[in-house]
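Protein chains in written order, with this note's numbering: chain A, 1 to 103; chain B, 104 to 260.
Be aware that one or more of the hints could be misleading.
Unchecked claim - Using 25 Å as the maximum straight-line C-alpha spacing, the simulated DSS-like pairs for lysine-lysine come out as follows: (1) K37/A to K92/A; (2) K249/B to K67/A; (3) K148/B to K193/B; (4) K67/A to K37/A; (5) K67/A to K203/B; (6) K203/B to K54/A; (7) K32/A to K243/B; (8) K32/A to K193/B; (9) K243/B to K142/B; (10) K19/A to K6/A; (11) K74/A to K249/B; (12) K243/B to K74/A; (13) K37/A to K155/B; (14) K148/B to K92/A; (15) K92/A to K142/B; (16) K203/B to K32/A; (17) K193/B to K67/A.
Stated by the list, open to error - Here are the in silico distance ranges between beta carbons for each label pair: (18) A38/A to K203/B: 29 to 37 Å; (19) K6/A to T254/B: 24 to 32 Å; (20) A216/B to F70/A: 37 to 45 Å; (21) D14/A to D167/B: 30 to 38 Å; (22) P205/B to N68/A: 16 to 24 Å; (23) D3/A to E146/B: 27 to 35 Å.
Derived from the structure by calculation, the hints contain no laboratory data.
Here a beta-carbon is modelled for each residue, glycine too, at the ideal position from N, C-alpha and C.
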Amino acid sequence: MADPMKIRASIVGDSTEVKVLMSHEMETGQRKDSAGKAIPAWFIQAVTVTHNGKAVLNAQWGPAVAKNPFLSFKFKGGAKGDKVQVTWTDNKGEKRTDEAVIG
Amino acid sequence: MNETRRTVLKAGGGASLLTLLAAAGWLVPGTATAQAWNKSAFEAKTMDETMKAFGGGAPAQSKDIAFVSTPDIAENGAVVPIGVASSIPKTESIAILIEKNPNMLAASFDIPAGTEPSISTRVKMGQSSNVYALVKADGKYYVASKEIKVTLGGCGG
Chain A
1 MADPMKIRAS
11 IVGDSTEVKV
21 LMSHEMETGQ
31 RKDSAGKAIP
41 AWFIQAVTVT
51 HNGKAVLNAQ
61 WGPAVAKNPF
71 LSFKFKGGAK
81 GDKVQVTWTD
91 NKGEKRTDEA
101 VIG
Chain B
104 MNETRRTVLK
114 AGGGASLLTL
124 LAAAGWLVPG
134 TATAQAWNKS
144 AFEAKTMDET
154 MKAFGGGAPA
164 QSKDIAFVST
174 PDIAENGAVV
184 PIGVASSIPK
194 TESIAILIEK
204 NPNMLAASFD
214 IPAGTEPSIS
224 TRVKMGQSSN
234 VYALVKADGK
244 YYVASKEIKV
254 TLGGCGG
């Protein structure tokens with residue numbers, strides 16, 4: 001099981017700023033190990049962020065997103081104490097969901 | 104007319120229907136909001152191929168797309184921060200493309216109403232390259248580019 005994400009959601013002006021740091025290898029499939037064998041691709045393909053159950057961001061990623069991906073964006077309508085939930089799915093079908101409270 | 108050929112044609116037709124359904128997000132297991140991963144777009148090697156996979160024409164150059172907190176020179180290609188902000192009304196999605204990576208498309212973000220058309224993330228770059236920010240707004244595609252010089256490549260090694 002992958003490590004938990006670090007999620008920070010805070011009110012900035014009239015919108016909510018969400019910053020997410022995920023823990024993932026993001027292997028491209030282009031690298032070779034010391035024996036010259038290709039290392040299979042392993043990366044996050046889809047990220048969904050929801051606020052009170054409503055999607056505020058949907059992302060599709062390729063292997064060019066950096067290792068331990070970082071993501072930041074803002075949405076309107078958040079209030080202190082609301083929950084922000086982040087889910088990622090990788091190309092092996094592995095999934096992880098974490099949530100944070102807007103502070 | 105040979106029978107095998109007919110069977111093959113039939114099978115082909117069926118498969119493309121499945122692909123269409125998957126593209127429309129009908130056959131996605133799990134959450135209903137998640138879209139199928141756009142495989143052809145992520146495997147495209149040129150701008151034209153990527154645009155074809157997105158189902159759009161050639162994008163128009165736009166001055167309303169800005170790169171924010173994006174360096175001119177990246178010391179480490181494995182971690183290049185890229186921020187894209189669009190001030191085009193009705194921005195629906197933002198994609199980041201890197202010209203000289205093995206596959207151009209790095210990431211694409213759907214922006215639902217209520218979310219600001221401004222995102223930042225970190226990508227890998229194999230070498231110095233033009234980076235494109237592709238914005239879809241009101242059904243049309245717009246693009247802006249920026250050259251980022253990479254001192255140390257982020258692929259291989």
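Evaluated hints:
For the suggested pair K37/A and K92/A, the alpha carbons sit about 19 Å apart, so the restraint of at most 25 Å is met. Annotation: proposed proximity of K249/B to K67/A holds, straight-line Cα distance about 22 Å (limit 25 Å). The straight-line distance between the Cα atoms of K148/B and K193/B is roughly 28 Å, outside the 25 Å bound, and the hint therefore fails. At roughly 20 Å between alpha-carbon atoms, K67/A and K37/A fall within 25 Å of each other, so this suggested pair holds.
At roughly 19 Å between alpha-carbon atoms, K67/A and K203/B fall within 25 Å of each other, so this suggested pair holds. As the CA atoms of K203/B and K54/A are separated by approximately 36 Å, the hinted pair breaks the 25 Å bound. As the CA atoms of K32/A and K243/B are separated by approximately 40 Å, the hinted pair breaks the 25 Å bound. Between the alpha carbons of K32/A and K193/B the distance comes to roughly 43 Å, so the proposed pair goes past 25 Å and is violated.
Taking the CA atoms of K243/B and K142/B, the gap is near 21 Å; set against the 25 Å cutoff, the hint holds. With a CA separation close to 8 Å, the supplied pair K19/A and K6/A stays within the 25 Å bound. Between K74/A and K249/B, the direct Cα distance comes to roughly 23 Å. Compliance with the 25 Å bound is thereby established for this hinted pair. About 23 Å separates the Cα atoms of K243/B and K74/A, which keeps this hinted pair within 25 Å; it holds.
Straight-line distance between C-alpha atoms of K37/A and K155/B comes to about 33 Å, which puts the hinted pair past the 25 Å bound. Between K148/B and K92/A, the direct Cα distance comes to roughly 23 Å. Compliance with the 25 Å bound is thereby established for this hinted pair. For the proposed pair K92/A and K142/B, the alpha carbon gap of about 14 Å is at most 25 Å, so the pair holds. About 20 Å separates the Cα atoms of K203/B and K32/A, which keeps this hinted pair within 25 Å; it holds.
Simply put, K193/B and K67/A have alpha-carbon atoms about 31 Å apart, too far for the 25 Å limit, and the pair is violated. A hinted range of 29 to 37 Å for the beta carbons of A38/A and K203/B is inconsistent with their spacing of about 21 Å. Under the hint 24 to 32 Å, the C-beta atoms of K6/A and T254/B, about 28 Å apart, fit the expected range. About 25 Å separates the C-beta atoms of A216/B and F70/A, a value inconsistent with the hinted range of 37 to 45 Å.
Between D14/A and D167/B the beta carbons are some 22 Å apart, a value that contradicts the proposed interval 30 to 38 Å. Separated by about 21 Å at the C-beta atoms, P205/B and N68/A satisfy the suggested range of 16 to 24 Å. Remark: the range hint 27 to 35 Å for D3/A to E146/B is upheld by a beta-carbon distance near 29 Å.
Violated hints, listed in ascending order, are 3, 6, 7, 8, 13, 17, 18, 20, 21; each of the other numbered hints is respected by the structure.
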